[in-house]
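One-letter residues, chain by chain:
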Amino acid sequence: MAKVFLNGQPVEHAHEVHEHISPMSTYNAVIGALFVLTGLTFAVSFADLGPASLTVAMVVAFIKASLVVAYFMHLKYDDKYHLFVFLGTIIFVGIFFGFTMFDLKSRDALNDEQETFVRWKEMENAGKGLAVGVDNVPERRAKVLAEIEAHGGGHGGGHGEAGHGGGEHKTDAKAEHKAAAH
Amino acid sequence: MSNEHAHAPAHDDDEHNPHLAHHFDTMGQQTAAAKLGMWLFLATEILMFSGLFLAYFILRMFYPEMVLEAHEYLSKWAGGINTVVLLTSSYTMALGVRSIQLGDVKKLRLMLVLTILCGCIFMVVKYFEYSAKFEHGMLPGKFYSAHLHGYEIDGLPHIFFGVYFMMTGLHGIHVAIGLAIMLWMFVRAGRGEFNAKNYVAIENTGLYWHLVDLIWIFLFPLLYLVK
Amino acid sequence: MSTAVQSHDPHPATEPSYLVSKRGLMSWLVTVDHKRLGLMYLASVMFFFLIAGILAIALRTELFTPDQDFMSAQTYNQVFTLHGAIMVFLFIIPSVPAALGNFLLPLMLGAKDVAFPRLNLLSFYVYSVAAVFLIVAILTSGLDTGWTFYTPYSTSTGTAVITATTGVFIAGFSSILTGLNFVVTVHKMRAPGMNWNRMPLFVWAIYSTAVIQVLATPVLAITLLLLIIERSLGIGIFDPAMGGDPVLFQHFFWFYSHPAVYIMILPGFGIISEIITVHSRKHIFGYKAIALSSVAIAVISFVVWGHHLFVSGQSELAGVLFSFLTFAVGVPTAIKVFSWVATLYKGSIQYNTACWYGMAFLWTFTVGGLTGLPLSTLAIDVHLHDTYFVVAHFHYVMVGGTVVAFIGGLHHWWPKMTGKMFNETAGKIGCLLVFIGFNVTFMTQFFLGHQGMPRRYYAYLPEYQTMHQVSTIGSWILAAGLLWTLIYLVHSLFKGEKAPSNPWGGVSLEWETQSPPIEHNFHDTPHVHGSPYDFPEIDKSGGSAHH
Ligand code: HEM
Ligand SMILES: [Cu+2]
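Residue numbers (the numbering used here), protein chains in the order written: chain A, 1 to 182; chain B, 183 to 409; chain C, 410 to 956.
Hints were generated in silico from the structure; no laboratory data involved. Since the model is a prediction, treat every value here as computed from it, not as a measurement. It is possible that some hints are incorrect.
Said to hold, decoys possible - So these bits of chain B aren't anywhere near chain C, every CB distance computed over 10 Å:
{"#": "1", "residue": "PHE223"}
{"#": "2", "residue": "SER232"}
{"#": "3", "residue": "TYR245"}
{"#": "4", "residue": "PRO246"}
{"#": "5", "residue": "ALA260"}
{"#": "6", "residue": "LEU292"}
Unchecked claim - DMTMM-like mimics (lysine to aspartate or glutamate), calculated; alpha carbons at most 25 Å apart, straight line:
{"#": "7", "chain 1": "A", "residue 1": "LYS76", "chain 2": "A", "residue 2": "GLU19"}
{"#": "8", "chain 1": "B", "residue 1": "LYS409", "chain 2": "B", "residue 2": "GLU254"}
{"#": "9", "chain 1": "A", "residue 1": "LYS80", "chain 2": "B", "residue 2": "GLU227"}
{"#": "10", "chain 1": "A", "residue 1": "LYS105", "chain 2": "B", "residue 2": "GLU251"}
{"#": "11", "chain 1": "B", "residue 1": "LYS288", "chain 2": "A", "residue 2": "ASP48"}
{"#": "12", "chain 1": "B", "residue 1": "LYS258", "chain 2": "A", "residue 2": "ASP48"}
{"#": "13", "chain 1": "B", "residue 1": "LYS289", "chain 2": "A", "residue 2": "GLU19"}
{"#": "14", "chain 1": "A", "residue 1": "LYS105", "chain 2": "B", "residue 2": "ASP336"}
{"#": "15", "chain 1": "A", "residue 1": "LYS76", "chain 2": "B", "residue 2": "GLU227"}
{"#": "16", "chain 1": "A", "residue 1": "LYS105", "chain 2": "C", "residue 2": "GLU725"}
{"#": "17", "chain 1": "B", "residue 1": "LYS324", "chain 2": "B", "residue 2": "GLU334"}
What the hints assert, rightly or not - Interface residues of chain B toward chain C, partial, derived using beta-carbon atoms under 8 Å:
{"#": "18", "residue": "GLN211"}
{"#": "19", "residue": "ALA215"}
{"#": "20", "residue": "LEU218"}
{"#": "21", "residue": "LEU234"}
{"#": "22", "residue": "ALA237"}
{"#": "23", "residue": "ILE240"}
{"#": "24", "residue": "GLN283"}
{"#": "25", "residue": "HIS329"}
{"#": "26", "residue": "GLY374"}
Note that the Cβ used here is the ideal one computed from N, Cα and C, for glycine as well.
Given the sequences, and given the hints that come with them, work out the whole structure.
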């Protein structure tokens with residue numbers, strides 16, 4: 001075979017595989033950076049940054065993700081079309097998030113203004129810890145509640161498996177449990 | 183997909199290379215096709231997970247206090263350890279690809295074993311996390327019963343745990359699939375199917391594994407850390 | 410012919426066609442040949458077209474009188490749901506890409522096969538499993554949510570929602586795999602000289618479709634997964650009783666499903682581009698405009714989904730934005746229609762069956778597309794939403810557009826696929842019946858809807874009776890036309906004349922190979938030197954050469 005074609009174009013050195021092989025130092029540096037960044041988010045999560053904490057965490061996550069994509073997944077050295085596919089995907093995710101959030105945000109503002117709010121409000125049921133729904137469908141809420149009671153502590157598989165049996169119930173000391181959770 | 187075109191072992195890259203499927207003209211074309219296919223597949227994965235991330239963000243928007251309170255019940259340490267484990271596994275996987283680029287099958291197999299090991303640790307930690315949640319009744323949706331176990335979380339925590347289990351569960355399934363694929367690659371590498379000129383299956387396995395890591399990089403702060 | 414050098418089969422009789430190169434049932438069941446898979450898809454989608462078509466006729470017949478005839482309200486709900494769900498997920502979405510696309514894409518690119526033949530086989534079986542799930546859903550407790558599965562009804566109804574959505578979920582994966590395969594095929598499998606400007610427009614259309622399939626379908630998958638989980642565990646994402654937001658479900662669903670309507674129509678556009686230019690023997694007008702408008706439609710289709718939520722409680726602000734963006738889709742769509750009409754202008758048109766379908770499409774699709782505009786006008790949609798106007802709109806685009814194009818394409822490539830010619834007169838009779846039946850059925854529904862007849866009701870006020878009866882009679886004519894078409898096509902398989910390799914004088918690569926093609930498509934890899942639309946005869950006589 002004289003000539004070889006790829007993508008409809010002749011290929012000069014068809015049999016050569018030219019893949020980029022990164023030196024060990026690159027991989028070591030990247031994993032080092034990833035660990036450092038992980039430590040950073042972890043540490044920052046103990047500080048009280050308030051609403052900024054989401055932004056900080058996301059920025060760090062994006063940096064980490066970019067490192068993985070660029071060096072571990074070789075996108076930096078790869079066919080540019082793969083980069084295009086990847087970034088294109090991110091853009092479509094952005095569209096999906098953007099429009100949906102936009103609607104839900106602007107809808108809430110409107111609902112609040114017109115006092116036609118139908119979503120469950122946290123404050124009204126505060127403290128009851130009940131998994132209940134919107135306020136204007138009491139029957140359904142009653143149904144859900146009944147279902148929860150019926151499932152009670154007895155189901156879910158977690159009990160038997162962890163060896164506590166079904167005996168432990170509401171009577172257990174809250175504080176003790178809260179502590180045990182962490 | 184990563185295994186679409188590998189058949190028998192071979193050594194040389196002429197036109198009758200046994201790795202070359204009949205409908206391709208060159209190895210280059212075949213490799214390029216496999217890699218593009220993998221990237222497109224990753225795109226679908228990202229979009230699929232994006233739905234869950236969106237659900238999470240919307241939940242935060244609807245019920246911010248509840249999410250903040252409920253997420254305190256996830257173990258930061260377990261999440262943190264798993265992050266380190268998964269990052270390490272990505273590193274070893276990347277080194278595995280590098281080894282086979284240099285033609286070192288032995289080292290490739292070693293790296294695969296290390297990666298699988300990390301994946302298993304991840305799953306074990308997940309198992310303990312899950313059992314704790316089960317035990318405390320912190321279950322999705324209508325199975326939520328933490329208040330019967332003495333945990334009072336204001337609002338609608340059953341949604342939070344629903345989303346938590348969906349996200350980590352789907353991610354966990356991906357980890358498990360990744361482990362199976364790597365095991366298989368390990369076997370195939372043992373049969374001598376890969377060499378410095380034919381390793382696209384390993385590369386694609388790596389891409390998949392890194393994606394699983396990528397998703398965790400976002401899951402971890404969102405579910406465990408963010409205030 | 411300027412396209413290929415190896416245009417004359419050097420050894421025509423020596424190699425058997427793909428139909429007979431291997432024999433036995435097994436050779437079909439495990440085939441990785443894209444042409445055989447195309448035929449297998451064709452048979453499957455036709456089967457589901459028939460099933461869902463029978464359901465449709467049942468619906469229309471029930472509506473012949475204002476009162477209940479032979480279906481209860483509950484049965485009616487189940488029948489229209491299954492009609493919609495099967496038509497959309499098992500027929501239209503796979504129809505053109507998986508059946509015709511599979512068959513033609515490698516041929517048109519001059520390739521031996523798609524990039525991942527085994528994946529192709531896999532996606533066929535994934536599709537079959539999905540079909541089984543949907544059939545099980547029908548046979549157990551049915552499904553009455555409408556094809557859109559809106560919450561909270563879908564989380565509370567007693568019917569087989571989980572089985573059905575699992576089926577659709579699986580069908581989605583089949584669609585993703587096909588799309589992925591096609592994108593890679595177009596990128597990596599083109600024959601020497603086949604650059605982007607020399608690809609047939611059908612390939613461009615299938616490519617754009619494949620991109621949407623890859624980008625949108627995963628969101629359908631996660632939506633349905635969340636719905637299944639919502640229904641089984643009640644996590645409270647979508648169900649308001651559990652604290653969720655039902656409109657959120659609609660966002661998720663339409664983020665997929667609006668692009669999906671372009672998954673349905675874009676391949677139809679591709680077929681029409683081929684039919685119009687080949688049968689008018691004239692270079693396509695505005696090649697680049699048509700090709701790029703496919704891509705533009707693919708992209709824009711992702712930012713308009715909110716037009717399905719105008720009256721669902723979406724915020725007014727979002728409604729206005731989505732309304733505006735929806736109008737934008739009209740632009741690339743109109744570019745295509747104008748280009749097709751301009752292609753016909755001064756062409757030497759061969760009025761045969763495929764061309765008749767092409768012309769029928771120009772009318773029906775345009776009506777469908779234009780009626781989309783009033784629907785995308787926020788204020789007007791408040792009146793028209795959930796009426797028969799919407800029903801008529803989407804049937805004009807989906808049946809009048811996609812199905813008409815699909816049948817036209819089937820006639821255009823039938824000689825290539827089967828090696829047999831069908832009877833042209835029979836074909837024209839069929840086309841006429843389909844065209845008349847279709848318009849009688851659905852044109853009336855625009856009026857019905859405009860007068861306020863809501864969709865999805867088994868009974869109605871007597872005032873609407875006349876138009877409902879006209880519509881029902883139309884549906885019978887349409888069904889007769891389709892059955893007629895089925896009969897003469899099947900007949901041609903046994904009694905048809907042997908087809909020449911290029912019956913219509915096309916210039917794209919699929920006409921270079923014999924009919925039906927050999928297993929590896931071409932004896933030698935073709936080399937492409939020019940456009941797929943340079944028709945030599947007309948260049949000399951008509952003097953309307955384009956390059
Ligand atoms: C020219 C561009 C188009 C425009 C501007 C347009 C606009 C619209 C609008 C605004 C609606 C919502 C009506 C309502 O529910 O109140 C709608 C519904 C619909 N359209 Fe289109 N459309 C266009 C083309 C198409 C095409 C090409 C298809 C499919 C091949 C399609 C399929 C549908 C379907 C299936 C529905 C109804 C879905 C349902 O509620 O069940 N449309 N269209
Ligand atoms: Cu739409």
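Are LYS76/A and GLU227/B close enough, with their CA atoms no more than 25 Å apart?
-> Given pair LYS76/A, GLU227/B holds - Cα atoms ~20 Å apart, limit 25 Å.
Going by Cβ atoms, does PHE223/B stay more than 10 Å from chain C at every point?
-> The claim is violated: PHE223/B sits with its nearest Cβ about 6 Å from chain C, within 10 Å.
10 Å cut-off, C-beta based - SER232/B kept clear of every residue in chain C | violated, 7 Å
Holds or violated: ILE240/B as interface residue toward chain C, Cβ cutoff 8 Å?
-> At about 6 Å, which falls below the 8 Å cut-off, the nearest Cβ of chain C leaves the hint on ILE240/B intact, so it holds.
Mind checking the alpha carbons of LYS105/A and GLU725/C for me, to see if they're no more than 25 Å apart?
-> Judged against 25 Å, a Cα distance of about 11 Å means the pair holds.
Any CB of chain C closer than 8 Å to the CB of ALA215/B?
-> The hint holds - ALA215/B has a Cβ within 8 Å of chain C, the shortest such distance being about 4 Å.
Under the criterion that the straight-line Cα-Cα distance not exceed 25 Å, is the pair LYS258/B, ASP48/A satisfied?
-> holds, 15 Å
Looking at ALA260/B again, its CB stays over 10 Å from all of chain C?
-> It holds; ALA260/B is separated from chain C by about 22 Å at its closest Cβ, greater than 10 Å.
Do the alpha carbons of LYS105/A and GLU251/B lie within 25 Å of each other, as the hint requires?
-> Given pair LYS105/A, GLU251/B holds - Cα atoms ~22 Å apart, limit 25 Å.
Quick one: work out the minimum CB distance from LEU292/B to chain C and report holds if it exceeds 10 Å, violated otherwise.
-> holds, 30 Å
Does GLU254/B lie within 25 Å of LYS409/B when you go C-alpha to C-alpha?
-> holds, 9 Å
If you draw a straight line from the CA of LYS288/B to the CA of ASP48/A, is it 25 Å or shorter?
-> Given that 25 Å is the threshold and the Cα spacing comes to 48 Å, the pair is violated.
Hint violations for this structure: numbers 1, 2, 3, 11, 24, 25 and 26, all remaining hints satisfied.
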